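Enquirer: One letter stands for each residue in the lines below.
4 protein chains.
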Amino acid sequence: MSQNIAILLLSCPDQRGLVSRISHFIFERNGNILDLSEHADPTEKVFSIRVAWDMESFTLGQKELKEAFTPLANEFKASWSITFLDKKPRYAIFVSKYEHCLLELLWRHSLNEYNIEIPLIISNHLDCEPLAKQHGIPFHHFPITKETKEKQEEREIALLKEQNIDTVVLARYMQILSSRFVSAFPNQIINIHHSFLPAFAGGNPYKQAYERGVKIIGATSHYVTDVLDDGPIIEQDIIRISHRDSLADLIRKGRDLERIVLARAVALHAEYRILAYGNKTIIFE
Amino acid sequence: MSQNIAILLLSCPDQRGLVSRISHFIFERNGNILDLSEHADPTEKVFSIRVAWDMESFTLGQKELKEAFTPLANEFKASWSITFLDKKPRYAIFVSKYEHCLLELLWRHSLNEYNIEIPLIISNHLDCEPLAKQHGIPFHHFPITKETKEKQEEREIALLKEQNIDTVVLARYMQILSSRFVSAFPNQIINIHHSFLPAFAGGNPYKQAYERGVKIIGATSHYVTDVLDDGPIIEQDIIRISHRDSLADLIRKGRDLERIVLARAVALHAEYRILAYGNKTIIFE
Amino acid sequence: MSQNIAILLLSCPDQRGLVSRISHFIFERNGNILDLSEHADPTEKVFSIRVAWDMESFTLGQKELKEAFTPLANEFKASWSITFLDKKPRYAIFVSKYEHCLLELLWRHSLNEYNIEIPLIISNHLDCEPLAKQHGIPFHHFPITKETKEKQEEREIALLKEQNIDTVVLARYMQILSSRFVSAFPNQIINIHHSFLPAFAGGNPYKQAYERGVKIIGATSHYVTDVLDDGPIIEQDIIRISHRDSLADLIRKGRDLERIVLARAVALHAEYRILAYGNKTIIFE
Amino acid sequence: MSQNIAILLLSCPDQRGLVSRISHFIFERNGNILDLSEHADPTEKVFSIRVAWDMESFTLGQKELKEAFTPLANEFKASWSITFLDKKPRYAIFVSKYEHCLLELLWRHSLNEYNIEIPLIISNHLDCEPLAKQHGIPFHHFPITKETKEKQEEREIALLKEQNIDTVVLARYMQILSSRFVSAFPNQIINIHHSFLPAFAGGNPYKQAYERGVKIIGATSHYVTDVLDDGPIIEQDIIRISHRDSLADLIRKGRDLERIVLARAVALHAEYRILAYGNKTIIFE
Numbered sequence: 001m002s003q004n005i006a007i008l009l010l011s012c013p014d015q016r017g018l019v020s021r022i023s024h025f026i027f028e029r030n031g032n033i034l035d036l037s038e039h040a041d042p043t044e045k046v047f048s049i050r051v052a053w054d055m056e057s058f059t060l061g062q063k064e065l066k067e068a069f070t071p072l073a074n075e076f077k078a079s080w081s082i083t084f085l086d087k088k089p090r091y092a093i094f095v096s097k098y099e100h101c102l103l104e105l106l107w108r109h110s111l112n113e114y115n116i117e118i119p120l121i122i123s124n125h126l127d128c129e130p131l132a133k134q135h136g137i138p139f140h141h142f143p144i145t146k147e148t149k150e151k152q153e154e155r156e157i158a159l160l161k162e163q164n165i166d167t168v169v170l171a172r173y174m175q176i177l178s179s180r181f182v183s184a185f186p187n188q189i190i191n192i193h194h195s196f197l198p199a200f201a202g203g204n205p206y207k208q209a210y211e212r213g214v215k216i217i218g219a220t221s222h223y224v225t226d227v228l229d230d231g232p233i234i235e236q237d238i239i240r241i242s243h244r245d246s247l248a249d250l251i252r253k254g255r256d257l258e259r260i261v262l263a264r265a266v267a268l269h270a271e272y273r274i275l276a277y278g279n280k281t282i283i284f285e
Numbered sequence: 001m002s003q004n005i006a007i008l009l010l011s012c013p014d015q016r017g018l019v020s021r022i023s024h025f026i027f028e029r030n031g032n033i034l035d036l037s038e039h040a041d042p043t044e045k046v047f048s049i050r051v052a053w054d055m056e057s058f059t060l061g062q063k064e065l066k067e068a069f070t071p072l073a074n075e076f077k078a079s080w081s082i083t084f085l086d087k088k089p090r091y092a093i094f095v096s097k098y099e100h101c102l103l104e105l106l107w108r109h110s111l112n113e114y115n116i117e118i119p120l121i122i123s124n125h126l127d128c129e130p131l132a133k134q135h136g137i138p139f140h141h142f143p144i145t146k147e148t149k150e151k152q153e154e155r156e157i158a159l160l161k162e163q164n165i166d167t168v169v170l171a172r173y174m175q176i177l178s179s180r181f182v183s184a185f186p187n188q189i190i191n192i193h194h195s196f197l198p199a200f201a202g203g204n205p206y207k208q209a210y211e212r213g214v215k216i217i218g219a220t221s222h223y224v225t226d227v228l229d230d231g232p233i234i235e236q237d238i239i240r241i242s243h244r245d246s247l248a249d250l251i252r253k254g255r256d257l258e259r260i261v262l263a264r265a266v267a268l269h270a271e272y273r274i275l276a277y278g279n280k281t282i283i284f285e
Numbered sequence: 001m002s003q004n005i006a007i008l009l010l011s012c013p014d015q016r017g018l019v020s021r022i023s024h025f026i027f028e029r030n031g032n033i034l035d036l037s038e039h040a041d042p043t044e045k046v047f048s049i050r051v052a053w054d055m056e057s058f059t060l061g062q063k064e065l066k067e068a069f070t071p072l073a074n075e076f077k078a079s080w081s082i083t084f085l086d087k088k089p090r091y092a093i094f095v096s097k098y099e100h101c102l103l104e105l106l107w108r109h110s111l112n113e114y115n116i117e118i119p120l121i122i123s124n125h126l127d128c129e130p131l132a133k134q135h136g137i138p139f140h141h142f143p144i145t146k147e148t149k150e151k152q153e154e155r156e157i158a159l160l161k162e163q164n165i166d167t168v169v170l171a172r173y174m175q176i177l178s179s180r181f182v183s184a185f186p187n188q189i190i191n192i193h194h195s196f197l198p199a200f201a202g203g204n205p206y207k208q209a210y211e212r213g214v215k216i217i218g219a220t221s222h223y224v225t226d227v228l229d230d231g232p233i234i235e236q237d238i239i240r241i242s243h244r245d246s247l248a249d250l251i252r253k254g255r256d257l258e259r260i261v262l263a264r265a266v267a268l269h270a271e272y273r274i275l276a277y278g279n280k281t282i283i284f285e
Numbered sequence: 001m002s003q004n005i006a007i008l009l010l011s012c013p014d015q016r017g018l019v020s021r022i023s024h025f026i027f028e029r030n031g032n033i034l035d036l037s038e039h040a041d042p043t044e045k046v047f048s049i050r051v052a053w054d055m056e057s058f059t060l061g062q063k064e065l066k067e068a069f070t071p072l073a074n075e076f077k078a079s080w081s082i083t084f085l086d087k088k089p090r091y092a093i094f095v096s097k098y099e100h101c102l103l104e105l106l107w108r109h110s111l112n113e114y115n116i117e118i119p120l121i122i123s124n125h126l127d128c129e130p131l132a133k134q135h136g137i138p139f140h141h142f143p144i145t146k147e148t149k150e151k152q153e154e155r156e157i158a159l160l161k162e163q164n165i166d167t168v169v170l171a172r173y174m175q176i177l178s179s180r181f182v183s184a185f186p187n188q189i190i191n192i193h194h195s196f197l198p199a200f201a202g203g204n205p206y207k208q209a210y211e212r213g214v215k216i217i218g219a220t221s222h223y224v225t226d227v228l229d230d231g232p233i234i235e236q237d238i239i240r241i242s243h244r245d246s247l248a249d250l251i252r253k254g255r256d257l258e259r260i261v262l263a264r265a266v267a268l269h270a271e272y273r274i275l276a277y278g279n280k281t282i283i284f285e
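Chains as they are written, first to last, in the working numbering: chain U, 1 to 285; chain H, 1 to 285; chain Y, 1 to 285; chain G, 1 to 285.
Simulated from the structure, these hints should not be mistaken for laboratory data.
Pair ranges (Cβ atoms, derived):
1) Glu44/U <-> Lys87/G: 27 to 37 angstroms
2) Gln62/U <-> Asn164/G: 52 to 62 angstroms
3) Ser81/G <-> Leu228/Y: 41 to 51 angstroms
4) Lys97/H <-> Lys87/G: 30 to 40 angstroms
5) Pro42/G <-> Asn4/Y: 54 to 64 angstroms
6) Glu44/Y <-> His135/G: 39 to 49 angstroms
7) Asp226/H <-> Arg244/G: 31 to 41 angstroms
Keep in mind the model is a prediction, meaning the values are calculated, not measured. Note that beta-carbon positions come from the ideal geometry of N, C-alpha and C, so glycine has one too.
Construct all of the structure, not just a fragment, from the sequences and the given hints.
Expert: Right, here's the structure in full:
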């Protein structure tokens with residue numbers, strides 16, 4: 001996980017020779033490709049690729065690599081990024097009162113399932129402070145009211161920037177982020193919504209599901225955009241319910257789903273397996 | 001399956017002694033209970049029960065049984081039905097152009113998975129006529145235009161009544177039934193909708209799903225009510241998709257789902273395992 | 001959960017009138033049945049039932065109830081138990097080095113998902129002691145070698161008896177229990193095996209699965225009997241894998257499965273929903 | 001599907017530059033890569049790849065392509081194949097008495113889900129002859145007894161060779177093929193076994209599952225090798241069962257599973273997405 005590996009994520013208008021030229025670029029600089037997946041969308045004519053290669057005997061350093069690749073990327077009219085696994089990205093987790101998603105992430109983090117750092121946890125409540133302390137992670141309390149919301153968000157953004165946070169995970173954080181906040185972290189804010197989106201967007205999805213009498217409930221992890229519960233979907237999963245399940249049972253069963261779906265989404269993001277374009281994601285598994 | 005078995009489906013306001021008194025009613029008339037399931041909704045305070053018993057040494061005939069049970073049911077303020085498995089209910093299947101759901105039902109029917117009769121198939125197109133013929137089932141063609149719709153529905157209802165049809169299965173029938181039609185068969189019209197309701201109700205659900213970028217698609221079988229795609233849900237299931245799946249792939253994968261979900265819903269209905277109340281169903285498995 | 005509710009679990013040779021007579025017994029003593037499920041095995045001619053009823057206005061106390069029911073049970077030649085939810089059963093958890101299953105159980109316990117007490121944790125290693133301490137549960141260390149095994153088991157059994165332990169949960173406990181231990185807790189020892197039994201019984205199931213090239217791995221929770229990995233199965237679940245998954249990936253993915261399958265099995269056991277007969281279980285859901 | 005597309009399946013010892021050199025080979029001959037997936041097994045140090053490219057403006061014909069690629073493949077010490085989708089492979093289906101798997105395959109074939117031809121169906125019984133006739137496919141009856149088995153297999157092989165059959169699908173064919181038969185079609189005989197292999201190999205898997213009291217049953221599609229039910233696994237799936245399910249219910253529920261698992265395996269094989277090495281498969285999805 002923490003080896004010197006480079007990961008290229010790239011998408012561009014489709015054309016002949018893209019795989020060949022990209023893999024040749026790596027090969028001729030002595031890189032050993034560990035994993036390559038590509039996808040050509042036949043409708044949108046968009047080409048996407050994820051390549052991971054070993055930097056050990058690569059002839060360029062990290063900085064030179066990006067410079068050397070830029071002309072090729074420009075020629076392809078690509079949007080792209082190259083990341084190196086030897087430096088762990090920094091994740092901030094936002095929570096409110098429910099701790100199950102936070103617990104799941106911290107537990108996996110302690111098992112080194114994620115190649116990330118979690119330098120801070122932010123909450124509008126104090127309920128999860130003990131759990132943060134158990135894991136030795138600084139806990140920041142930003143209580144929020146209608147009146148203080150704007151100010152508090154400003155302070156949160158300042159803290160995130162100061163701490164060089166790359167990615168924000170909303171682990172059942174029960175506040176809607178402002179446009180300003182969202183635009184500060186484009187496709188870098190991961191939310192878990194406790195329904196099978198687009199069904200039951202908005203508040204109280206389990207109550208909505210209970211009242212509709214569905215036979216299956218779901219959870220959805222997605223990137224946060226300006227429109228509530230409408231961003232690119234990363235991962236979804238479901239569980240069967242029946243008439244025997246009360247609303248409380250739905251909430252209890254849903255907890256298990258939320259935990260696992262958010263945990264998978266964070267893993268995919270942390271391994272740079274997600275390419276968001278438009279309102280969709282490509283998941284390179 | 002075709003034995004002389006009685007099935008009671010009953011729901012009423014919850015009170016003490018319901019199971020005892022109902023099971024005692026059967027026991028003292030020498031019935032052997034084969035299967036009993038009950039459910040007490042703690043929120044709505046509604047009691048529901050399904051009991052199946054052997055009529056072989058029962059001391060009452062079918063007609064007398066219903067008469068004898070009526071006072072008890074009245075005392076409970078119950079809505080109820082008693083059905084006997086020695087007489088097969090009569091199902092009509094409605095189709096349009098796609099044959100996969102029809103094929104699935106006819107194939108299971110030929111294997112005696114359902115204890116029903118299928119005396120007729122109705123379609124607004126001719127595509128499925130050969131399949132109906134292969135199975136020796138009369139095929140009735142009712143082409144429908146905006147102008148003829150009302151007339152044709154009248155003729156369809158007349159045919160269904162004349163043929164003593166109990167249940168109508170819409171096996172991807174692409175016409176919206178009128179209120180009049182629906183009210184002629186309350187909770188006896190089973191539809192398959194090719195989405196995970198309430199997501200993607202209405203037309204072109206696979207296209208909607210494709211455009212939203214969901215990671216899972218579903219199918220929903222429900223009773224038809226006056227509001228489109230809003231009736232009590234009987235059964236749902238899902239299948240994973242990915243960015244690699246085109247709209248055509250969704251349609252193809254969805255076919256498998258539609259078939260299996262509709263087939264299960266028909267089995268549950270044919271075994272009298274469904275009790276619809278309000279906008280929900282209780283499934284006695 | 002902690003109300004005064006009685007739960008009868010009973011199985012006996014099938015005969016007419018069992019449901020009626022049992023429910024009547026409860027009704028005439030003013031008990032309100034909250035939940036009743038029964039099953040008549042048509043092959044073995046065995047009748048099984050689970051009934052839960054409210055003891056609030058019941059005319060008998062807990063002790064008198066058992067006495068009053070005994071003659072009926074004897075007449076039915078039944079094996080049976082009546083339990084009362086106002087007293088929490090006492091569970092001991094056994095672990096070795098892996099903490100994920102223990103963590104899952106303790107976390108659910110802290111959310112009151114289980115109506116049980118966990119007065120002690122036993123381990124042959126020290127790895128899980130910090131987790132036990134975090135939850136304020138006494139941790140007992142019984143290191144085991146070939147030579148000390150018999151002695152240590154004796155001491156464990158003595159401790160369990162002294163602490164009035166009802167149920168033992170093996171949360172990835174990597175020692176095989178002796179016959180003597182097993183027979184001290186018949187159908188009260190719950191194990192999690194990290195394969196889809198009966199496939200890959202014994203040691204290193206993930207390695208076995210990896211080498212066989214299966215496309216799905218599983219986990220199985222079962223009661224412990226004298227024959228290794230052969231007791232009555234309580235719950236199983238599976239997860240998809242692919243050629244991309246290394247043995248380490250199988251172990252990681254399997255952890256999620258083990259946690260959830262063991263957690264469900266413990267819930268079923270704690271709610272007295274399991275009736276084991278022969279080598280099978282009936283699960284009253 | 002039936003376009004002029006080339007598909008390369010290749011595996012060889014892993015080394016630097018494989019993706020680059022293979023994609024460059026295609027690019028410099030004016031091929032447009034439509035799909036490329038690769039896998040480097042870190043344990044076995046084996047590299048595997050599937051590449052599909054458009055032959056429309058390719059500078060070489062089909063024959064020349066293979067010749068031109070041979071030196072590269074030799075250098076890589078690769079086992080490989082190049083197939084062209086403009087020519088449909090020829091599949092023979094073997095059945096015994098149960099028709100559900102055959103029906104599923106023929107139905108999908110009639111919807112053009114598979115890019116294959118099915119010029120003949122072989123059976124040791126007559127039960128499926130009407131179904132074959134309905135689809136206009138020649139049906140060959142080879143009744144088999146202990147005494148005639150060897151002779152009949154010889155005749156079957158002769159017929160398959162004469163008809164240029166590429167792949168044999170055993171759609172619940174209840175005879176064990178001899179070594180000689182198997183070796184005539186290496187990794188080209190697809191079987192469906194009605195259990196979650198390696199659990200319940202051999203005869204009567206549903207009965208074995210019923211008696212073991214499992215909570216989940218499965219089906220497995222695999223390539224046939226000399227050892228019964230032991231060949232490389234292509235696809236598996238499962239379904240939940242409970243104590244309420246009789247052996248007959250297992251058989252009925254299992255039918256749905258067998259159909260879908262075999263259908264998926266045939267699709268993967270027909271799209272050249274499977275690379276078998278040793279006792280495993282790589283599935284390029």
